[in-house]
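**Q** Read off the chains here:
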Amino acid sequence: MKQSITLGKITKFMGLGFLSSLKDLFTGKLEKEDYVNFLRKVVVPLASVLLFIGLWHMGSQSLYNIEAEFKIEKALNDQGPAAAEAMRECIASGDVSCKPNTLPSPTQVWDSYKSLLRDHNIISADKAAFIEKTAALNEKRIAEGKDAITYTGRPSFVDQIFRSLKTVFAGFLLALVIAVPLGIFIGLSPTLKSSFNWFIQIFKPVSPVVWYLLVFMIVKTLLIDSNEDSSFTISFISVGLCSMWATLVNTAMGVSSVDKDYINVAKVLKLGNFQKIFKVVLPSSLPLIFTGLKITLSVAWMVLIAIELLAQSPGLGLFVWEEFQNGANDSNAKIIVAMFVIGIIGFLLDRLMLTIQNWVSFDKTDAI
Amino acid sequence: MAYLELNNIYKTYGQDEHATEVLSNINLSIEEGEFVAIVGFTGSGKTTLVNLINGLLEPTSGEVLFKGEPVQGTSHERGVIFQNYSLLPWLTVGQNVFMAVKEAFPKKSKKELNAIVAEYVEMVSLTPAINKRPKELSGGMRQRVAVARALAMKPEMIIMDEPLGALDALTRGNLQDEILNIWGKEKRTALLITNDVDEGIYMADRIIPLRPGPNATLGPEFKIDIERPRDKTEMNDNANFKQTRNAIIEYLMDIGNERKSESSEEFILPDLSPKDFVNQFK
Chain A
1 MKQSITLGKI TKFMGLGFLS SLKDLFTGKL EKEDYVNFLR KVVVPLASVL LFIGLWHMGS
61 QSLYNIEAEF KIEKALNDQG PAAAEAMREC IASGDVSCKP NTLPSPTQVW DSYKSLLRDH
121 NIISADKAAF IEKTAALNEK RIAEGKDAIT YTGRPSFVDQ IFRSLKTVFA GFLLALVIAV
181 PLGIFIGLSP TLKSSFNWFI QIFKPVSPVV WYLLVFMIVK TLLIDSNEDS SFTISFISVG
241 LCSMWATLVN TAMGVSSVDK DYINVAKVLK LGNFQKIFKV VLPSSLPLIF TGLKITLSVA
301 WMVLIAIELL AQSPGLGLFV WEEFQNGAND SNAKIIVAMF VIGIIGFLLD RLMLTIQNWV
361 SFDKTDAI
Chain B
369 MAYLELNNIY KTYGQDEHAT EVLSNINLSI EEGEFVAIVG FTGSGKTTLV NLINGLLEPT
429 SGEVLFKGEP VQGTSHERGV IFQNYSLLPW LTVGQNVFMA VKEAFPKKSK KELNAIVAEY
489 VEMVSLTPAI NKRPKELSGG MRQRVAVARA LAMKPEMIIM DEPLGALDAL TRGNLQDEIL
549 NIWGKEKRTA LLITNDVDEG IYMADRIIPL RPGPNATLGP EFKIDIERPR DKTEMNDNAN
609 FKQTRNAIIE YLMDIGNERK SESSEEFILP DLSPKDFVNQ FK
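Residue numbers (my numbering), protein chains in the order written: chain A, 1 to 368; chain B, 369 to 650.
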């Protein structure tokens, strides 16, 4: 019993309250209220998902038809009725060579998803075999002081996801390390605030693409002697610089707007400056700082795709771009798969930050 | 020489044409070991007066002398209990008190400090809640934490700014007794700001009404000659109590009436009457 209470609490805490109503369904303790809740939190969202897929299916079907009609029309005008008939048959047979290229249907996307997973399994098996094969040789090479041979094959879709996560977290950490201390200083000192304000106001709205180009100019020169691929460095720095503004502004605001009561307490207790900052100012601005960090993480994930694409840094962004350039018959479906993966990961990252935020926050109105 | 002295205090907020004089010509002297209450309407400048005494604010003119020395900034010698508790919500009861004790006695070891914390938390009977955060406590418990925090610093004078204003009558009564108890035990000088005349009479040796602001100033003082320990129920029948209470309330009422007659502005209301629904249908 106790365990189920904590489970309910945890799911609610993480903003996944619907899970607890699912749990009630399975444990069978249902009252009228629970049915209403169940209907609202499980059945209605599920229905809306089904509706979405249905609309998507119909939409892609009609787009397919438009594209097909156009192809047949074109064949008729250019080459005559015989070619048009051939084209019609070709499209009906589902042959790759004349397949209309448009929005893929849900089933195609699902198939692509499965094929991407299959591809991942093949590649990881390949990788494992390669590592096994070269293990003995590598040991020998390391003993001789040479570099080990590494696997240089194509990364799978899952590998790309992890590369993207790595980039986003590196960028997020960079934003955290720059924006939080800077925000604290700006919030504490009105002089610093007025001297940095123009800077923040001007750079905040700059687009990710421009940030990328700026970072590229600088990093390229700094790493001029290095032979290593700098695309990862460039992309994570751009992500960090692009997304840090929310944290910077929120931290500065939180620090400069600490409740006057707390400041009075600090004064009456005669806390030193250091103590005042760490015991009073920072804890009371933590909720705002975390709101900033939450926005930063979601912005980082959003701009990551564009920046990876520009920087040619391996990851989901590059995956999407390569599939688009590739133009294979299932490329469009793969792009949609990537879109959903990006969306779902973004949602999970947001929930992660929300959980941490709930953890560190306190309800101010409760305390006074 | 009085223990705490306020000489010709004026306090103005804002400047030039926006200036509002909140306090004017405040003179007050409190002897050591005395319990003085200042009673006033809400918004009459009570909190400003308190902040002048504890050092959070500086007077525009005049001087505040504590033990003969002008007050400059806050001091551990004057403990403050705030109107809205002002506990730090991210710290537990024990941590809130510990923070104050640590600042007051920087030379003591952690063990000694913890002993002081435990002693004062026990004094306000909150030992079972020592590891709870303020939001898990009721209003009365929070105010007791604030009392413990102020007293644990062992201040020579304790300044209370409407400490019980937000509490219900029962909790209020209990806490009044607790504060009196502690005051009686350690015989510190105390200044209580309140809007409750009964509370002032029950707790203080002297009551001074604050004439409402702007330009708030202190009225004539009323001595309370009721022996301690005082009993609430008995006090209600005490002739001395009744007399003092009536005198103070009369004084405050007069001020209120004076204020009303002072406002000469007349509001002309439109000549309207409700529609006659009954005749309408005839």
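There's no promise every hint is true.
Straight-line distance between alpha carbons at most 25 angstroms, and here's what the computed DSS-like set of lysine-lysine pairs gives [to be verified]:
#	chain 1	residue 1	chain 2	residue 2
1	B	K478	B	K500
2	A	K270	B	K522
3	A	K260	B	K470
4	B	K591	B	K628
5	B	K475	A	K276
6	B	K555	B	K435
7	A	K267	B	K435
8	A	K166	A	K140
9	B	K591	A	K270
10	B	K503	A	K267
11	A	K267	B	K475
12	B	K503	A	K260
Chain A residues, not near chain B, derived (Cβ > 10 angstroms throughout) [as the list claims (entries may be wrong)]:
#	residue
13	H57
14	L63
15	A82
16	K99
17	L103
18	L214
19	S257
20	K267
21	K270
22	L271
23	K279
24	P283
25	G343
Sample of chain B residues lacking proximity to chain A, with all beta carbon distances greater than 12 angstroms (derived) [claimed, not checked]:
#	residue
26	Y371
27	E385
28	E402
29	Q463
30	Y619
Just so you know, these hints were derived from the structure itself, not from any lab. For glycine and all other residues, C-beta sits at the position ideal for the given N, C-alpha and C.
**Q** Taking the hints in turn, state whether each one holds.
**A** Right, here's what the structure says about each hint:
1. K478/B x K500/B: holds (20 angstroms)
2. K270/A x K522/B: With a Cα-Cα distance of about 14 angstroms, the restraint between K270/A and K522/B holds, given a limit of 25 angstroms.
3. K260/A x K470/B: holds (22 angstroms)
4. K591/B x K628/B: violated (28 angstroms)
5. K475/B x K276/A: Holds, at roughly 19 angstroms.
6. K555/B x K435/B: Cα-Cα ~16 angstroms, so holds.
7. K267/A x K435/B: holds (21 angstroms)
8. K166/A x K140/A: violated (31 angstroms)
9. K591/B x K270/A: violated (35 angstroms)
10. K503/B x K267/A: Given that 25 angstroms is the threshold and the Cα spacing comes to 23 angstroms, the pair holds.
11. K267/A x K475/B: holds (20 angstroms)
12. K503/B x K260/A: Holds, because 19 angstroms separates the two Cα atoms, which is no more than 25 angstroms.
13. H57: holds (50 angstroms)
14. L63: holds (55 angstroms)
15. A82: A82/A is indeed farther than 10 angstroms from all Cβ atoms of chain B, at 81 angstroms.
16. K99: Non-interface label on K99/A holds, nearest chain B Cβ at 61 angstroms vs cutoff 10 angstroms.
17. L103: holds (51 angstroms)
18. L214: Non-interface label on L214/A holds, nearest chain B Cβ at 39 angstroms vs cutoff 10 angstroms.
19. S257: The claim holds: S257/A sits with its nearest Cβ about 16 angstroms from chain B, beyond 10 angstroms.
20. K267: K267/A is in fact no farther than 10 angstroms from some Cβ atom of chain B, at 5 angstroms.
21. K270: violated (6 angstroms)
22. L271: violated (6 angstroms)
23. K279: violated (6 angstroms)
24. P283: violated (4 angstroms)
25. G343: holds (35 angstroms)
26. Y371: Correct as stated: the minimum Cβ-Cβ distance to chain A is 19 angstroms, above 12 angstroms.
27. E385: holds (26 angstroms)
28. E402: At roughly 22 angstroms from the nearest Cβ of chain A, E402/B sits farther out than 12 angstroms, so the non-interface label holds.
29. Q463: Nearest chain A Cβ is 9 angstroms from Q463/B, so the label is violated.
30. Y619: Its Cβ never comes within 12 angstroms of chain A, the nearest being 31 angstroms, so this holds.
The structure does not agree with the numbered hints 4, 8, 9, 20, 21, 22, 23, 24 and 29 stated previously, though it agrees with the rest.
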